[in-house]
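Novice: Here is how the chains run, residue by residue.
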Amino acid sequence: MTTNNNFQWRRDRDGLGVWEHRGKVAIAGYGHSPVDRRWDGENLDTSLGAYTILACEKAMEQAGVTKDQVDGIVCCDSHIAGGSGGSASNWAPRPYFDPPYDSEYGITLINAQWLINSMGFKNVKFAPTGVPTIGEMVGMASQAVGDGVCNTCLVIYPTGNLEGRYRRGGENADDYARGVRQWTVPWGNHGGNDFINIFPHNQYCLKYGGEHDDLAPFVINQHKNGMLTPWGFNYNHGIEPISVEDYKTSRYILNPLRIWDCDRPVNASVAYLFTTSERAQDMKSQPVYVLNHSQHNFRFRTTQPDLDEVEMWTDRQAARMYEGAGLGPADVDIFNPYDGYAIMTQFFLEGFQWHGVKRGDAFAFYAGDISVKGPHPFFSSGGNLGNGRTRSAMYTDSIEQLRGTAGDRQVTVRAETALCAFTTPSSGGWLMLGKYPS
Amino acid sequence: MPKVIPVSDELSQPFWDAVNERRLVLQNCTACDKLQYPPQAACQVCNSGDRLEWKEVEGKGHVATYIVIEDGRLNRRMPDQPYNLALVTLDEDPTVNFYSNLPGVPAYQAPVGAAVELTFEEVAPGQLIHEWRVME
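Residue numbers (the working numbering), protein chains in the order written: chain V, 1 to 438; chain E, 439 to 574.
Extracted from the complex, chain E is given alone in its bound form (with noise of 0.2 Å):
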């Protein structure tokens, strides 16, 4: 079944027209040389709204924790129950996470601690989001 459909605004447009092109860029504050993500007006370190940059990453994470959606609110997945929903964190900066359904791995058997990779879904026509696939 399909996922519900990013709406992009002004703040993260340059983040999903990269992820339309298949690249995974996040917001870095040259001041702090800190990467940011969700991309928000100001470094969230120093305030800074002029120091922020987009700078591509390269798609490495590892598994954190998942959960299993068994009973969600939102109408669109709910023929995808149960799923999971795991927490990636980013090899280069472990403090920045995503979400991520880990496709290809059936419910209630994600590996936690597993190394993962970026990988892209299109969930609308020329639409795609950011996800996250186990590594063999």
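Pulled out of the complex, with its shape left as it was, chain V reads as follows (with noise of 0.2 Å):
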């Protein structure tokens, strides 16, 4: 039932013109769980098999869908809590429980062929194994229904975590540095998306005049946004706002790197359901369209990409998306990049220059009226640094604001079309939506 991915569905090169498919794919529904910070290692109705569970009934709810329907079903096979280091790892070498839970899948790990088992889809023909993260995920059923392999699928995303310090074991305890980490950990780089946005983020600020605090803005402007969105962390943890004096008094991660720069692990699913934009006209709620996505996996030229490599890659970012789906930035209303470190959500502001930020203006937005209600209601959802690390609060939220149904977060300009994300400047994908197919 599970078959390779063999990515040759991806739109990761320049100059693809329009998608193929504009138009005639959409977003029918959606599923949140709960968004805990940890899972408690002995609650198995917390645990993120089950939450992952609730999020697709929740998804195939939302837009009026039986199992029996659902003919595709795109899940990474494993998520942040996997292989990554740490007591945060594995659950092994612990006992497990009674099935579904009798090894790491249901716990630490979640793929298709579990829930498949585990939920009783019996008509699932497209499952595809070695799926990426969420923001290519969206891609790939994207055009598997475009493409016709199937017809009504859920796109999964489970973010897990259990108790520990982040990362803090596995190759990060080892005394030695293999492979490609032997040019970066004897330094002292562990090797993640924190470090390497870092520099060209300092870079940024020697070039255009800004300091690291002038993110301060944009750092809780993502806590008030997140504190409007009921299915997030914040909003149901009661985490208070943070102000400028907050933001500038907290501790330092990678000097200038704050600890409100990062986002924060959590214990959360949630589920998407795809279809045919002729088929959502039928279903329970209001449809969305997808009106382009795409991919991209820049190469490093050296140790450390730098500022420029940073700005070209946003750069054909921008340019693969906007050409594909038939746009230019005048037309996007909603934006919502990407921020699990604060440090590298200009570079797709600029990139993509939306309200006509060009490079070098970020911080200048930034320190303007970027609320919700305002002119420029830039990262409605709040983000992973408002919602906690599920990384799927910019699809949803792109959704609900291109339905009217926001609430408190709903932005008073237009919101026709939205840009969402789960992308580092190197890697990820980019997925354009509109309220109406054209």
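Simulated from the structure, these hints should not be mistaken for lab results.
Check each hint, because a few of them may be wrong.
What the hints assert, rightly or not - Okay, derived cross-link-like pairs now, EDC-like style, lysine to aspartate or glutamate, Cα gap no bigger than 20 Å in a straight line:
1) Lys-493(E) to Asp-529(E)
2) Lys-472(E) to Asp-308(V)
3) Lys-248(V) to Glu-508(E)
Hey, can you piece these two chains together into the complex? The hints should help.
Specialist: Listed below in structure tokens is the structure:
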């Protein structure tokens, strides 16, 4: 039932033209599980597996789809708690539980086959293995539905978190650096996106004249938006908004990167239901339409990407997305890029020139009115910083904004198109959504 | 405290062998005349695998920028915190860069823009790594 993902579906090159399925694929439903800081290791009703099943059920319910109608499942084989080292890695060697929690699957890992078995999907004909993260999964599902490989496809993204400090074990506890780590780890770089982006960010400040703490208004606004997002971590756990002083006195991780610049790992799951635009017309909830998707995986030219590379990469991402959607910067109403680390977001904002922001202008833009009720409702979801590291807020908020169901977060400007992503400057993917198919 | 020890592989063995002889050698594509670091199986410009040769470089560079690691994830380096991690560009080709802890420079005091020169540091018996020292 599962098949290898051969990556031929990707739109990962320049100059591909308008997407052949523009407006012919839709998202008809979504479902969020509760968002916990960690799984407690005891309650199977709040395990990653249980939360994933719940998210799938909610997405199908919102779309008015039954399990028998689902013929595609796109689920990544692993997630951030797996294979990343540290005590928050595998459940083993602790004893497992009764089925379906009798292996890592359901606890620290989820994949399509586990869901098929656990939920009893009987008609799935598309369930690829080797699936990348949500930034590409949404494109993969869009292409599969557009190509007719399947026509009612669940996209599932589980993000797990167990006890223990994040990624402090495994290879990070090793005295030796193997593989690509031999080029970074001896000097102290463990190889994450915090390191990858902090150096270009410093170069950005040097080149354009800002300073790191100019990010404060952006980070604070992410928290404000998170407080307006009922399916996020902050909203449900009483996380207090932060002030400029809170931000500027917060501790450093990789100075100048502060703790508030980093997202909060959580235990949660999300599901989206993709289908054809034609079928979506008869479903229960208002569809939003996929106008384009694209992916990228740019190769580093040397040890550490610099500002020139990052700006070139994000320029190319923008060009691909705008070309494929047949739209330009002025056409994009909702803009939900990525903020796993606050230091990377300005590269996307300027690369896509949302609301006319050009290179070097982001900090001045952040200092203006970027609230959801203002003229420039930047990152209306609150992103990871405002909702926890589900990497899905950008997608769900975009859907809600286009539907007009974002509640207290609903923007007051036009909301007919939305750009959303889980991406870093070097790798990931984008999705352009529309309220209308054309 | 000791640094994490690099483990060479088939591709990187000549590089680390040279480092252990206190020389810095980089891949150079004879077709493109382009230096390449870290080593790769093929030239990243022309994708040629059989035109790559090892070329010793002079070992002069500049500090492009730096951070201070205050709460890193590497167990072996935690006693060193806070410590500098600088980005050093190679003078012979500034698109090639290296990391450096800038030995001898106190944390938070790395001189951005300063000239640096190659040095070596022993991280395990018989295993050196390349480092960069600020020039007076």
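Novice: Hey, Lys-248(V) versus Glu-508(E), does the alpha-carbon distance stay inside 20 Å?
Specialist: 16 Å, holds
Novice: Hint check: Lys-493(E) vs Asp-529(E), CA-CA at most 20 Å. Holds or violated?
Specialist: Holds, at roughly 15 Å.
Novice: Lys-472(E) and Asp-308(V) were given as a pair; does the straight-line alpha-carbon distance stay at or below 20 Å?
Specialist: 18 Å, holds
Checked against the numbered hints above, the structure violates none of them.
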